[in-house]
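Asks: Letter by letter, the chains look like this.
There are 2 protein chains.
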Amino acid sequence: MTTATTESTPPTTGCRAYDTLIIKLREAAVLGSVQANVSWDQETMMPPSGAGLRADQLSALSGMIHEMVTSEEVGELLGEAEGDAMLRDDELAQANLREIRRDYDQRTKLPLELVREIARTSSLGMDAWKEARKARDFSKFEPWLQKTVDLSRRKAECLGVPADGEMYDALLDQFEPGVTTAMTHELFKPLRDFTVDLLAKLRETTNEFKELPNADVPGIETDPVAQKEWCRYVLAAMGFDFAAGRLDEAAHPFCSGFGPGDTRLTNRYRADGWLDALSGGMHEGGHGLYEQGLRKSEFFGSPLGESVSLGVHESQSRMWENQIGRSRPFWTWCLPIAKKYLGSALDGLEPEMVFRATNLMMPSFIRVESDELTYNLHIMMRFDFERAMLNGDLAVKDLPSEWNKRVKADWRLDVPDDARGCLQDVHWSMGALGYFPTYTFGNIYAAQLWNTMGEKLPDREAMIERGEFKPILDWLRTNVHEPGRRYPARELIERLTGEPVTTEHLRRHLAAKANDVFGA
Amino acid sequence: MTTATTESTPPTTGCRAYDTLIIKLREAAVLGSVQANVSWDQETMMPPSGAGLRADQLSALSGMIHEMVTSEEVGELLGEAEGDAMLRDDELAQANLREIRRDYDQRTKLPLELVREIARTSSLGMDAWKEARKARDFSKFEPWLQKTVDLSRRKAECLGVPADGEMYDALLDQFEPGVTTAMTHELFKPLRDFTVDLLAKLRETTNEFKELPNADVPGIETDPVAQKEWCRYVLAAMGFDFAAGRLDEAAHPFCSGFGPGDTRLTNRYRADGWLDALSGGMHEGGHGLYEQGLRKSEFFGSPLGESVSLGVHESQSRMWENQIGRSRPFWTWCLPIAKKYLGSALDGLEPEMVFRATNLMMPSFIRVESDELTYNLHIMMRFDFERAMLNGDLAVKDLPSEWNKRVKADWRLDVPDDARGCLQDVHWSMGALGYFPTYTFGNIYAAQLWNTMGEKLPDREAMIERGEFKPILDWLRTNVHEPGRRYPARELIERLTGEPVTTEHLRRHLAAKANDVFGA
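If you read the sequences in order, they're chains H and E.
FYI, the numbering for the first sequence is 56 to 575, going by the working numbering.
FYI, the numbering for the second sequence is 56 to 575, going by the working numbering.
Bound-form chain H, shown alone (with noise of 0.2 Å):
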């Protein structure tokens, strides 16, 4: 009888208010992995008549939980708990405090009537969505688009929009807590600048794009079954531990950390996409790292066991994508796991060659398919777009055509359909406006952990050589996953790196690959 369960194990101090908060949050956490795990469901098993059944199970919850962190009595009690001089020098308790306040704060602007409105147009949204992708038909997403930009706006004016900026801001900041809309054209600024010229002389070196090296190789044929156990012998090297997590499919890939001892991942397998199918697990698995390497069995429902932020989420995700999984040394090692499940197809293969082909830059379609040097374009077409919507720039029934010239404009590609243009993200039909920029501050702040990070483990090209990634994820688990919220997530970077935030160590990473891939 010795199994334990979350309530078993909230840390005490003492003071009456504080540890009474913290087991009220935690009680609302649990009804929030109950959300996670229903929208886990909806994504990877429901039957497809289970739409609206799904939209009201969420819709209720969002309510119930809402209603739970919102209540007088915590407020109460964290104001309580904030005067308490005995928790004065507790420096974890404070630092929950501050980001219990920030939360309570913010949510407690928002009606509930909204947060359920919210909730149930995500979930039918979700499903109008699909629908409309695999019809490849803008049309019948439109008025759910329509009715998320005019949800976001509401939410944004309760947030509340500041004097100095936009009501893009309200919405960011709860994505990326502290970061602003013009901090954020500020850094994109040079990025956009650098990925143009690159991708520029790039068009030269290559030809236009016709003499990319190995280009044949991310299309060879393998069986998707088999890619998939490939997937999970990486994901398991890598220190996904599956005892507390599961792999399944979906749709649109993602990963859920329910709680503690239970992280969910998804991908996707086509036949003739085998390193796709790899970087997307391992994309998906560094979210799962960080999930399972938060501290949630002392502190669930707490800040300081919850990540701290989408951007910081991305740069553990974008690493081992990218920094790892695109590297030289990791091909050395994974090309022949790949081939022992892959099976001939793979036969004559060296590991450069791979290298070089998870390293295409081209211009694509697909955000998420995408290579390290396009991919941040993506995002900020995305960004770009969303404050136009919500500001009233853009109306949405011109999305489709407004998505299609910039296409041109900055990859020079004709858009052949909606699924392949602006119907191929899921976030807004989720209602989640705001939130790619945190992808663009993923793959900066992986740069600039990635730079720290060299620092303390000098022979880190090595290690991945031989498959041994302890060391790494060991000092991402001390540095960026046991904090959780401890600091906000600037500080975090800053104090790990010793640097603001910056694009430099992304753009540095990125020309180095373009000159070693392409001589450019």
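Be careful, since some hints might not be right.
All copies of an identical chain are treated as equivalent in the list; a pair is satisfied when it fits inside any one copy or across any two copies.
What the hints assert, rightly or not - As a list, the in silico DMTMM-like pairs of lysine to aspartate or glutamate whose alpha-carbon atoms are at most 20 Å apart:
hint	residue 1	residue 2
1	Lys79	Glu172
2	Lys395	Asp480
3	Lys256	Glu266
4	Lys395	Glu82
5	Lys185	Asp472
6	Lys189	Glu284
7	Lys283	Asp303
8	Lys79	Glu122
9	Lys202	Asp192
10	Lys79	Glu128
11	Lys568	Glu407
12	Lys283	Glu353
13	Lys460	Glu172
14	Lys395	Glu122
15	Lys164	Glu212
16	Lys185	Asp465
Please keep in mind that the hints were generated in silico from the structure rather than gathered at the bench.
For clarity, every value in this text was computed on a predicted model and none was experimentally measured.
Please arrange chain E on chain H, whose structure you already have, making use of the hints.
Replies: Coordinates of chain E only, in the frame set by chain H:
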């Protein structure tokens, strides 16, 4: 934007109290469907380390649902609706009110703390049971069973033990409303005598079960993955709607109807168990058809949209499993399909051989894999032991030895280990004492309903031979599924069959089979 949610469809009467009550109960049902989903997930998907969190989730949900359905507001609305003259001639509303009253009076007798404790113990107990079964070691499960017995006693006392009855009455009534321990004993007695007699006769006819016809057929080895696809084909032919349901794997097969549009079946597959796989699949499919046949889009959350009793639920599963799936005409249709899915291992089999092989009447250790005849002996043993444990006549620690003694006496078998003995069933780990008798009630009802249906569908055998199950399903839909809880279970059976509940048809059915297959 037309996707329906369950909230959009409650039918209204114009009586404010009644209509509000129905909406309240529907809200609780939405949360109940969430509970069903995470319970299903626990059995099919959850990684082992997720057990602690899951127990907290289920405990929290069951507590919330309990609070919702036992609130003073619900009680007041119910009282008001019961007294409203406007509804006096509304037969459906009156049926609903009768059953809502029953549920409300029962549920308000259970303290919240007990409900949550039972939910937590069930969730953790199931985990302990899995481990104990794996280790074939009852002692690992003993403390959980003791706790379950203790909690069941408290529950029975809260619900109220009838003056002329025993604690078991209170539990049994939860699963099979209106049925008492004495009535159960009364019905079981002649069935037990009949079974023991017939088993003795079979012992002779088959030379101690050594000369069973086609006894090697069930163990023919086939691919488990192909078995699953075959089951899926048969389930679709039965009428199971896969757009509103799923089929997954679980250690202990079950069916869960979450709510409108989402009914999930589970099954298990062993290389040497193709016939077990099909009968398990058809069994759960029978449950699933009942769930899909309930009028949930109108009445979700109301008794009119709910199954009437576990016994009637089981009658649906047993009818598809036994009356249909173990019949001669069924195998005329199904064997060619089996051969298509399962390949050359089945070459040389004739329908008559498989029909006989699915009717091997002989003692066996495992209830869910036993034949139609000895199945009821398994139930009667569990019924006796449950009563004895509740009444204190059997100490939990003595269960394995008593179990093994009884199997020796009734079956003349030596139980090799607890996994094939008293640890084989999931029910006690889930806290479901009083549940087992509903299985034999299911067999009894199935035989009665099958007999009545036969009068309406005289060419039923020819239909089955052609794989035409629609007329059978239609009859069940109209007569058994669609009424929901409009009539109490016993009244439903009497209305449909024109007889009180009786084991006569079941005995006749079993005697005829024994004679047909074994000349006994």
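Asks: Determine for every hint whether it applies to the structure shown.
Replies: How the hints compare with the structure:
no.: 1; hint: Lys79 / Glu172; in the structure: between (24 Å within a copy, 19 Å between copies)
no.: 2; hint: Lys395 / Asp480; in the structure: neither (33 Å within a copy, 41 Å between copies)
no.: 3; hint: Lys256 / Glu266; in the structure: within (13 Å within a copy, 83 Å between copies)
no.: 4; hint: Lys395 / Glu82; in the structure: neither (46 Å within a copy, 52 Å between copies)
no.: 5; hint: Lys185 / Asp472; in the structure: within (15 Å within a copy, 50 Å between copies)
no.: 6; hint: Lys189 / Glu284; in the structure: neither (27 Å within a copy, 26 Å between copies)
no.: 7; hint: Lys283 / Asp303; in the structure: both (9 Å within a copy, 19 Å between copies)
no.: 8; hint: Lys79 / Glu122; in the structure: both (11 Å within a copy, 18 Å between copies)
no.: 9; hint: Lys202 / Asp192; in the structure: within (17 Å within a copy, 57 Å between copies)
no.: 10; hint: Lys79 / Glu128; in the structure: within (9 Å within a copy, 25 Å between copies)
no.: 11; hint: Lys568 / Glu407; in the structure: within (13 Å within a copy, 70 Å between copies)
no.: 12; hint: Lys283 / Glu353; in the structure: neither (33 Å within a copy, 42 Å between copies)
no.: 13; hint: Lys460 / Glu172; in the structure: neither (33 Å within a copy, 60 Å between copies)
no.: 14; hint: Lys395 / Glu122; in the structure: neither (52 Å within a copy, 56 Å between copies)
no.: 15; hint: Lys164 / Glu212; in the structure: within (9 Å within a copy, 47 Å between copies)
no.: 16; hint: Lys185 / Asp465; in the structure: neither (27 Å within a copy, 57 Å between copies)
Violated hints, listed in ascending order, are 2, 4, 6, 12, 13, 14 and 16; each of the other numbered hints is respected by the structure.
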